[in-house]
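Note that the protein sequences, when read in sequence, are chains R and S. Residue 587 is where the first sequence starts when you use my numbering, and the numbers rise one by one after that. Residue 41 is where the second sequence starts when you use my numbering, and the numbers rise one by one after that.
It should be emphasised that the hints constitute simulated quantities derived from the structure, not laboratory data. The C-beta atom is built at its ideal place from N, Cα and C for all residues, glycine as well. There's no promise every hint is true.
[As the list claims (entries may be wrong)] One-sided and incomplete, this derived list gives chain R residues near chain S with beta-carbon spacing under 7 Å:
{"id": "1", "residue": "Ala598"}
{"id": "2", "residue": "His615"}
{"id": "3", "residue": "Leu629"}
{"id": "4", "residue": "Val632"}
{"id": "5", "residue": "Ala636"}
{"id": "6", "residue": "Gly637"}
{"id": "7", "residue": "Phe649"}
{"id": "8", "residue": "Val653"}
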Amino acid sequence: MDCRETQALLTAFHDGELPAVDRARVEEHLRVCSGCAALLAGLARVDLVAGVPDPGPAYWDRFNARVMDRIAREADDPGVTVPRPRRRWS
Amino acid sequence: MRADLDEEKDERLAVLAAGGDRSAFDALVTRHRQAVYRLCWSATGSAADADDAAQETFVRVYRSLPSYDPARPFGPWLRKIAWNCGLSVRRDGNAGVPRIAAGEAPEAVDPSPGPEEAAAGNEERRRVADAMVGLPAELRMVMMLRAVEGLSYAEIALAAGIPAGTVMSRLSRARTRLLAVLGGT
């Protein structure tokens, strides 16, 4: 297996989604190719830092109550669209 | 949240909630709110829109519970609603909702070993978060579902309504772009 073929399968390899036969072939190439091995390490690094900024505990403390409030307002007047907040939440 | 609901499966909670049990609905919201928020963030690329879409998701779930079939898994059903809400908020043009850039949003606590490593890690996170915002929504979605939620290709395919092969190609494109931001290519 060459670099081009390996790199086409690298994402699925990284995610553990390759069939055993292909997985073994990719592993064999990675043992002798530092470039593809570095690319694989890069995929893991991307995943590690690809999270979503968490809004914080104060946001989650109020989340359920805001949902229930929105449901109650729509139930009171189903013809009215609940307006979106105009202030930034914190 | 009622302690006796902690161990209940989602599908059972949904049935209880459809029958008017507010505690069961509250338990469902608590259990899934962070995943829904992350998915909405991946659809909209902004914290304020993600908030609006996440709230709307649970309102729609509440309204749809009477027609929910507990024989179907709750997770994919919820994720589909969340994704549609995210896209809908984005299409609405965000009227009245101030946008918050990824760099301004609060950061999660990162227990790194030292301040210099923590600073470097946070800088990488900031750069990738900014790059994630710049990704097309369909790439952001698969990236989020795989890298953050840990779903399999089959589960992502179900949530996104695309073939598993497309999941792989979109993931590959997303990671290539993000890796370039980190200076890895």
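Tested hints:
1. Ala598: Constraint on Ala598(R) satisfied, holds at 5 Å.
2. His615: violated (17 Å)
3. Leu629: holds (5 Å)
4. Val632: holds (5 Å)
5. Ala636: Because about 5 Å separates Ala636(R) from the closest Cβ in chain S, which is inside the 7 Å limit, the hint holds.
6. Gly637: Constraint on Gly637(R) satisfied, holds at 6 Å.
7. Phe649: At about 5 Å, which falls below the 7 Å cut-off, the nearest Cβ of chain S leaves the hint on Phe649(R) intact, so it holds.
8. Val653: Nearest chain S Cβ about 5 Å off; hint holds.
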